[in-house]
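Heads up: the sequence lines are chains W and C, in that order. Heads up: the first sequence begins at 1 in the working numbering, then just goes up one per residue. Heads up: the second sequence begins at 1 in the working numbering, then just goes up one per residue.
Keep in mind that the hints were calculated from the coordinates and are not lab data. This structure is a prediction, so every number in the text was calculated from the model and none was measured. Do not take every clue at face value.
[Said to hold, decoys possible] Pairs of lysine to aspartate or glutamate, EDC-like flavour, derived with a Cα cap of 20 Å:
#, chain 1, residue 1, chain 2, residue 2
1, W, Lys171, C, Asp71
2, W, Lys171, C, Glu174
3, W, Lys291, C, Glu174
4, W, Lys171, C, Glu186
5, C, Lys25, C, Asp74
6, W, Lys171, C, Asp74
7, W, Lys291, C, Glu168
8, W, Lys291, C, Asp67
[Stated by the list, open to error] Just the calculated beta-carbon pair ranges, DEER-fashion:
#, chain 1, residue 1, chain 2, residue 2, range
9, C, Phe9, W, Ala182, 25 to 35 Å
10, C, Glu3, W, Lys171, 36 to 46 Å
11, C, Arg202, W, Phe173, 33 to 43 Å
12, C, Thr166, W, Leu55, 50 to 60 Å
13, C, Pro167, W, Glu147, 21 to 31 Å
14, C, Glu164, W, His172, 34 to 44 Å
15, W, Ser339, C, Glu164, 49 to 59 Å
16, C, Glu3, W, Asn30, 52 to 62 Å
17, C, Glu164, W, Leu55, 17 to 27 Å
18, C, Gly13, W, His172, 33 to 43 Å
19, W, His172, C, Gly238, 43 to 53 Å
20, C, Glu171, W, Phe173, 24 to 34 Å
C-beta atoms are modelled at their ideal positions from N, C-alpha and C, and glycine is treated no differently.
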Amino acid sequence: MQIGYFTERPYRYIPEEEAFRNQAFFGISNRFFDPHKGAEDYNYYLDENCYAEELGFDAVALNEHHGTPFCMGGVMNVEAAILARITSKVRIVLVGNPLPVIKNPLRMAEELAEIDMISRGRLVAGWVRGAGSEQFFNHANPAYNRELFEEAHDFIVQAWTRPGPWRYEGKHFNYLFVNPWALPLQKPHPPMWIPGVLSWETVKWCAEHRYPYIGLGTALGPTCDLWDYYADEAAKVGYEAGPENFGYIIPVFLAETEARAQELGKGYAFGAGQTAFSRPEHTLPPGYNTKDAIRRLARQPGGSWLGVSADKLRKQREGIETADPFEDARKKALAAYKSSQEQYRLIIGTPRTVLPKMKTLMQVLRPGVLVVFNVQGPVSNQDRMTSMRLFAREVMPQLREYSRQLGLVDPIQRTPGSVKLAAGAARAPVADRSPLGALGLQ
Amino acid sequence: MPEWYEDSFRTDGVEVAMVKGGGGKPLLIFHDELGYTGWMTWNERLAEERTLVIPLQPGFGRTPRLDWMRDFRDLASFYARMIRDLRLDPVDVMGFSAGGWIAAEIAAADPHLIRRMVLVAPLGIRPREGEIANFIGMTIRSHLRATVADTVNTPEFGKIYGGEMTPEVFEAFEDARAETTRLGWEPFMHSPSLPYRLRGIRLPVLLVWGNRDAVVPRGAIDGYREALEGATVAQIDGVGHRPEIENSAEFVRAVKQFLAA
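From just these sequences and the hints, can you work out the full model?
Structure follows, in structure tokens:
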């Protein structure tokens with residue numbers, strides 16, 4: 001199993017009231033951004049990734065969001081390029097570049113090829129459709145989101161693999177002269193892992209392309225359903241999905257004592273946390289999701305990521321958009337902090353309490369890639385690094401051992417999609433729901 | 001009371017759904033970016049003298065979406081062909097908001113297809129002052145509310161949009177807004193070349209605008225007026241983006257007077 005480290009690189013100096021007042025992180029005025037503090041933190045977060053390497057993580061994962069203090073990674077490839085040079089062992093996993101908003105996929109192909117070469121072949125390219133808010137920030141037509149995603153992806157793979165020069169005339173992109181001289185070191189191209197938040201269309205696309213699908217902290221029950229769907233789609237195209245086809249990113253925070261972990265872990269609920277990523281009108285712009293996807297989200301119990309939830313969709317339909325008073329919002333955020341832990345969507349504690357929960361996650365989801373997501377909110381560098389150290393020293397070794405017992409092969413050890421499945425043959429299970437009943441998460 | 005009925009017409013291999021009603025000379029109507037709202041008081045009043053022909057825009061749920069269509073000019077070309085195939089030309093045309101933009105694009109492409117043209121709070125030209133509201137960055141509810149100045153005292157607003165939105169209605173609005181986004185996202189809900197393409201067209205044009213319009217500012221009307229020499233403006237005070245339902249009496253009076261000329 002690949003164990004990775006991830007942080008959103010939060011900007012930690014906004015007053016929490018601003019997130020409540022704005023009812024979201026996206027859209028808070030950048031007058032609250034201080035470039036001096038930013039300078040410190042961009043450097044610190046790079047150092048933090050080096051520390052992850054030092055602690056023995058296999059990978060560091062980067063993401064990208066725009067126009068929000070939730071995540072300072074506005075141009076992830078810049079950080080990836082620096083890490084390519086200042087680290088030496090970790091895989092640099094991008095989760096991922098938002099293809100529909102980049103507008104110039106040829107330049108993206110060049111940037112990533114350079115990063116792959118500078119890192120001497122440690123890049124894992126990952127693609128996302130981008131949150132709804134990214135469509136507004138980058139003025140990318142949300143109604144073409146999926147078309148742009150697929151066309152940019154297909155083009156980049158071609159740009160990496162087909163000797164130039166050649167002409168490209170697509171629906172959304174056109175080039176008279178494709179002949180990039182920066183090409184990836186890894187052949188035929190860097191691996192691609194695809195993160196997602198319960199989009200069935202994306203899962204099907206991943207299964208067809210034999211790309212691992214990385215669940216972004218999604219609720220356990222629905223995630224198992226998606227794994228099954230992936231495996232069924234994989235069987236249709238003639239291969240057996242296994243742990244190498246699945247990854248999971250989960251918020252994990254540790255401290256020396258349970259009380260301290262619980263107190264600092266509240267950073268995940270700062271400003272209402274992920275559920276306040278963006279307001280519904282920015283999360284789901286018209287045409288961004290298919291009708292099927294909207295219907296599925298609306299039915300998803302407790303499904304909430306980046307501001308999308310069944311509750312919010314219902315409110316949007318029924319026209320309930322009134323702002324909560326801050327006190328009420330805080331209470332709700334803290335209640336969600338507690339319930340998310342009960343649902344195993346936030347893992348907080350000491351090594352002793354975190355370990356069994358992580359093992360349960362591994363047993364249920366059987367991921368080949370497991371990435372821990374450090375705390376959000378105004379938590380000090382020291383406390384962030386303590387959490388990393390406790391995880392790496394006192395939890396990670398047992399998880400590695402447990403992954404061997406479970407046979408959790410990762411996508412580096414076994415090429416996803418390489419296990420053939422004869423037509424009509426039964427596929428192996430990809431998730432184990434047996435612990436969910438006892439946890440009340442069926 | 002004039003009857004209305006659903007009909008369809010096949011043009012370029014596409015079955016275009018439409019609503020028709022009334023009697024007399026045809027009046028071709030292009031609905032707005034939220035879709036056809038149903039037969040209202042203004043329809044009924046205009047249908048006393050005219051046959052209303054209201055095509056339902058491709059991609060809005062009833063008429064299939066056409067993948068080749070990339071902008072409002074493409075859509076206007078399609079509708080221009082429909083006008084020719086229906087042998088309606090030259091026809092009186094009225095368009096609301098995005099529908100006004102469609103009508104203006106048809107006029108720019110082939111003014112001979114149109115006899116007289118009513119543009120109600122039209123999108124399509126970048127306002128000389130102010131901005132077209134970012135209604136794509138609003139929830140459906142907020143978008144609907146932004147279209148009238150006084151939601152409480154506009155009975156027909158409640159009739160169309162009151163109560164709980166069923167999943168089906170929610171989806172219909174999603175379809176409409178998604179297709180509008182697809183066609184009008186960049187530049188946002190206008191064509192920089194439209195004012196130039198409209199210049200020199202000798203066509204009687206009535207621009208209807210409510211002075212409390214929160215979607216299309218007066219500057220857009222001024223832009224049209226500058227491009228379309230001879231266009232007249234009927235400003236209806238105290239109403240928003242939907243003068244036809246907020247003050248249907250005044251709206252119908254202005255439109256009837258213009259079309260009768």
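For each hint, the structure was consulted:
1. Annotation: proposed proximity of Lys171(W) to Asp71(C) holds, straight-line Cα distance about 14 Å (limit 20 Å).
2. In summary, the hint linking Lys171(W) to Glu174(C) is not supported, as the alpha carbons are separated by about 23 Å, beyond the 20 Å threshold.
3. With a C-alpha separation of about 8 Å, the suggested pairing of Lys291(W) with Glu174(C) holds against the 20 Å cut-off.
4. Only pairs whose Cα atoms come within 20 Å are accepted, and Lys171(W) paired with Glu186(C) is accepted, the gap being roughly 16 Å.
5. Among the hinted pairs, Lys25(C) with Asp74(C) is inconsistent with the structure: their alpha-carbon atoms are about 27 Å apart, more than 20 Å.
6. The suggested pairing of Lys171(W) with Asp74(C) holds, with an alpha-carbon distance near 15 Å, which does not exceed 20 Å.
7. Of the supplied pair hints, the one linking Lys291(W) and Glu168(C) holds, its CA atoms being roughly 10 Å apart against a limit of 20 Å.
8. Our distance criterion of 20 Å between C-alpha atoms is met by Lys291(W) and Asp67(C), whose separation comes to about 17 Å.
9. In this structure, Phe9(C) and Ala182(W) break the distance hint of 25 to 35 Å, their C-beta atoms being roughly 54 Å apart.
10. The hinted range of 36 to 46 Å is satisfied by Glu3(C) and Lys171(W), whose Cβ atoms lie roughly 43 Å apart.
11. About 41 Å separates the C-beta atoms of Arg202(C) and Phe173(W), a value consistent with the hinted range of 33 to 43 Å.
12. The hinted range of 50 to 60 Å is satisfied by Thr166(C) and Leu55(W), whose Cβ atoms lie roughly 53 Å apart.
13. The given range of 21 to 31 Å is respected by Pro167(C) and Glu147(W), whose C-beta atoms sit roughly 25 Å from each other.
14. Between Glu164(C) and His172(W), the C-beta spacing of about 38 Å keeps the proposed range 34 to 44 Å intact.
15. Checked against the given bound of 49 to 59 Å, the beta carbons of Ser339(W) and Glu164(C), roughly 27 Å apart, lie outside it.
16. A beta carbon spacing of about 57 Å between Glu3(C) and Asn30(W) agrees with the range 52 to 62 Å that was offered as a hint.
17. The hint said 17 to 27 Å for the Cβ distance between Glu164(C) and Leu55(W), and at roughly 53 Å that hint is violated.
18. Taken as a hint, the range 33 to 43 Å is violated for the pair Gly13(C) and His172(W), whose Cβ atoms sit roughly 25 Å apart.
19. At roughly 44 Å, the beta carbons of His172(W) and Gly238(C) sit within the given window of 43 to 53 Å.
20. A hinted range of 24 to 34 Å holds for the C-beta pair Glu171(C) and Phe173(W), which are about 30 Å apart.
The structure fails to meet hints 2, 5, 9, 15, 17 and 18 from the earlier list, while all remaining hints are met.
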